[in-house]
Amino acid sequence: MASEGGDDMERPEGEIPGAVVRTRARPSIVWLIPLIAALVGLYLAYWAWSEQGPKIKIEFETAAGLVAGQTRLKFKDVEVGLVESVELNDDLSRVQVKASVVKELARYMTDETHFWVVRAEVSAAEISGVDTLLSGAYIGVDPSEKGKWTREFKGLEKAPVVRSDKPGTLFDLRARDLGSVDVGSPVYFRWLKVGQIAGYSLDESGETVNVKVFIEAPNDKRVRTTTRFWNASGLDAMLTAEGLQIDTPSLMSMLVGGIAFETPATVTVAEDVPENMVFELYPNKQATRQPRYSRKTRYLLYFEDSVSGLVPGSPVEFRGIKLGEVLSVDIDFDQKTNEIHIPVVIEIEPERLGITHDDSKTENRARIESMVSRGFRARLATNNVLTGKKAVDFEFVPDAAPAKIEFGHSYPILPTSPGGIDAITQRVARIVDRVDKLPIESIGNNLNDVFANLSQALESVDTLTDSANADLLPKISASLAKLEETLSSADSMIAPDSAMAVELESMMRDLAGAAQSLKLLAQRLEEHPEELLRGKRE
Amino acid sequence: MPDGGAAICSRCGCTLFRRQRRTVEFTLALVSAAAILFVVANAYPFLSFEMQGQVTQTTLGSGTLALWDQKQHAVALLVVWTTIVAPALQIGLLIFVLAPIHLRFSAPGAVTAFRWVEHCRPWSMMEVFLIGILVAVVKLSDMANIIPGLALWAFGLLIPVLAGASSFLDSEIVWREIGDLE
Amino acid sequence: MTAAALGRLRRAHAQCHTCSLVVATPNGPDAPLRCPRCRASIHRRKPNSLARTWALLLAAIICYVPANLYPVMEVTTLGRSQADTILSGVIYLYVHGTWPLAVIVFIASVVVPILKIITLASLALSVERSSQWRPRDRARLYRIVEAVGRWSMVDVYVVTILVALVHLGSLASVEARLGAVFFGTVVVLTILAAESFDPRLIWDRLEDGSKASGVQHEGDRDGE
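So the protein lines, in turn, are chains R, C and L.
Just so you know, we're using the working numbering here: the first sequence kicks off at 4 and counts up by one.
Just so you know, we're using the working numbering here: the second sequence kicks off at 10 and counts up by one.
Just so you know, we're using the working numbering here: the third sequence kicks off at 4 and counts up by one.
Hints may be right or wrong, so weigh each one.
[Claimed, not checked] Below, a list of computed lysine to any residue pairs in the SDA-like style, where the Cα atoms sit at most 20 Å apart:
| # | chain 1 | residue 1 | chain 2 | residue 2 |
| --- | --- | --- | --- | --- |
| 1 | C | Lys148 | L | Ile110 |
| 2 | R | Lys169 | R | Arg225 |
| 3 | R | Lys106 | C | Lys148 |
| 4 | R | Lys215 | R | Ala201 |
| 5 | C | Lys148 | L | Glu77 |
| 6 | C | Lys148 | L | Leu174 |
| 7 | R | Lys522 | L | Arg83 |
| 8 | R | Lys407 | R | Gly378 |
[Unchecked claim] Sample of chain R residues at the chain C side, in silico, Cβ under 7 Å:
| # | residue |
| --- | --- |
| 9 | Trp34 |
| 10 | Ile36 |
| 11 | Pro37 |
| 12 | Ala41 |
| 13 | Gly44 |
| 14 | Leu45 |
| 15 | Pro146 |
Simulated from the structure, these hints should not be mistaken for lab results.
Computed from a prediction, not measured in an experiment: that's the story for all the values here.
By construction, the Cβ of each residue, glycine as well, lies at the ideal position given by its N, Cα and C atoms.
Turn these sequences into a full structure, and let the hints steer you where they fit.
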């Protein structure tokens, strides 16, 4: 070997060693290796390409919690996609999120599919998504096969109330005002939560609020044509003939608001709800018990008496049954006659008078006119002796001065007659007048006349006392009885063993226990934060 | 010199050159396989890390990118040079040099290319990277779920294939062939 | 072939260290030349080998101290962070039961760099002092050092992987720190130092010394 080394060293520069002749044999078997590698590589590339799902674009208001390359898309907690990029759109108004979706969901990418961001939500109505604090937000998907295929979506800011995986029905309600309910507020049936408020909007006329509620199956079948919905927030306290009744809903709906419904037994047969039926949302449960009529008519009344105590909202009654209410009380100064009039606009539901909307207009008019000719008059009456509030009371007044309905003004004018107490005041005024007018000279002469007048006055006082007995005293005694009931009911509510107190107490206990556990956990973590990663090491 | 023999320096025992059968062909085949494996190893995720429901997937390049994002530019450059650029150059340039030789035509720049192959060799540290991966996996395995990915297997195959290609590679012969073909 | 003739031949030729072609050096051993085959510049010995080696070794030693003092990475969980140096990482592995890995990391990250530096330094020293000690083994030592040096990169790669994997936002995250930079520098410097050391220098000094060292040299088998 030494000689070989020496030989090599002797070769001079420039002489290229003899060419190594290699016979061109078949390619050796070693080429199998790259061949296999190439096949496997190609197969993998094809597999990766075929597993690719569609790429979609979603627009959101904000990108909070969304991280490119990390945030997932989830449906029923299963990963179905990944966010690839998060960018602002051209006019910087919204955020464009590009994501890839697994190919199994390719045919669910329709315009009825919804996307929303699930972040931690802590509100009075719900505490949800707290796990996203640790794991990061994710995008929820509500896929729907129906609709047109699309690749661009507008993301919602909150999870949709109506989801394709939760069957149920949407119903339309109409309310005077929204009250304290909000999107997500619960809907109760017999105080079981069966649905949620899906959304609300102001009606175009600006007079009512349209509320959409979503009721989950199978309870959505309980809504029939005669179902009543009412606003169940807050305490429902009613002064009824039995006394003070308090309907306490759960603590939840007291805080958060909610809507409840029931289908009362009624004369009309309950049927399935037709497609675009709109339900009335009553302000409280009591309101639902009153039959509701849809038609209202307005009338004008002119009173001679003092209207103090009559305000918009004061009731209009007929023999104790509510017909409607007062809309406005004004002052009208007639410049021509220099007189001051007090027009009162009332709104009544004529159906309560038995005038159904089946009858035609002329028939209604004829009926009211005949009633007026029989003495149907409006009077002022004291509604509540305690508060001094007045009401408009319709009555068939005996010996009424003949009058007619005046049409042709903004509203038809119904005739009025002086009210009970005011009539008394008027009469007393007249008496005083007469006594005033008595000539002192002729007293001696007209003693008989004086005595005659006196006896007349005495008669009037008699009728006055009768009417007072009839009207006032029952009212006063009834109010006193109610006061007594109120006090006792309030007492029982605040009693330490009442339902509300028990509920509060147990809630406090639970909160204290939870706080204690949290404290222990926090302590432990502070001492050994790595335990979160590495597990407990004793 | 007979086939399969070797010449050893008379003085220090360093192997001067060894002649083996079909050196270029073997080497080219192995390097081609290495090239495919390299592409697969870099294109697919090689480890998935799952903790508390959060999953992170990484490719061989993610480490470099993460280091760069953390402003550790020096370390990032070092890692990318030793684990991706140097091996890639080695493989690519070897193919560039060996294929013309095998197919018996002259390629321009073969000389520079092959010189660069030699330069890259001490810097190609993929096997060390693999051990580093193992150590990291063991460190993390008791706190999270580690799922090996496709690229890991490709990487694991790539290293012996490349080592085999290096051992079969006979620089003497290659230089000779380059010289012959020029 | 006389030893003198051999020596003259040797001085008349040089081997291209890139393509191993042996070329004649008609202009003397130190004149600048380019290899006809690969066009690399030819030196009989690597230029300034010793000076370069010493410089790089010194730099490596300087960087080695902060490489071990500064933390290599910082693990942050839920707001609290824990910084780990190389040594503390080894201790962690040992304490948590996986002691084989602790041994591997210890050898690769602590023992290897130190040994490499010491070996190269002593090799350079031996050449400076024209030591005669076991040249073959010294050459072998050099080859081992050259091959093994790269393994100290393990720790840098471990940090890389951890940084890439543990990416869970506020739950857990890993950041590379200054120690990793220094450590990488140490590895690079030692590799460059090994590359710039010309092992043929071992033999040069031997030749200049006495030939009758009593150790059998194969090349002198038929020498006088």
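We went through each hint and held it up to the structure:
| no. | hint | in the structure |
| --- | --- | --- |
| 1 | C:Lys148 x L:Ile110 | holds (17 Å) |
| 2 | R:Lys169 x R:Arg225 | holds (17 Å) |
| 3 | R:Lys106 x C:Lys148 | violated (35 Å) |
| 4 | R:Lys215 x R:Ala201 | holds (5 Å) |
| 5 | C:Lys148 x L:Glu77 | holds (14 Å) |
| 6 | C:Lys148 x L:Leu174 | holds (17 Å) |
| 7 | R:Lys522 x L:Arg83 | holds (18 Å) |
| 8 | R:Lys407 x R:Gly378 | holds (10 Å) |
| 9 | Trp34 | holds (5 Å) |
| 10 | Ile36 | holds (4 Å) |
| 11 | Pro37 | holds (4 Å) |
| 12 | Ala41 | holds (5 Å) |
| 13 | Gly44 | holds (5 Å) |
| 14 | Leu45 | violated (9 Å) |
| 15 | Pro146 | violated (22 Å) |
In the structure shown, a violation is registered for the earlier hints numbered 3, 14 and 15, in ascending order.
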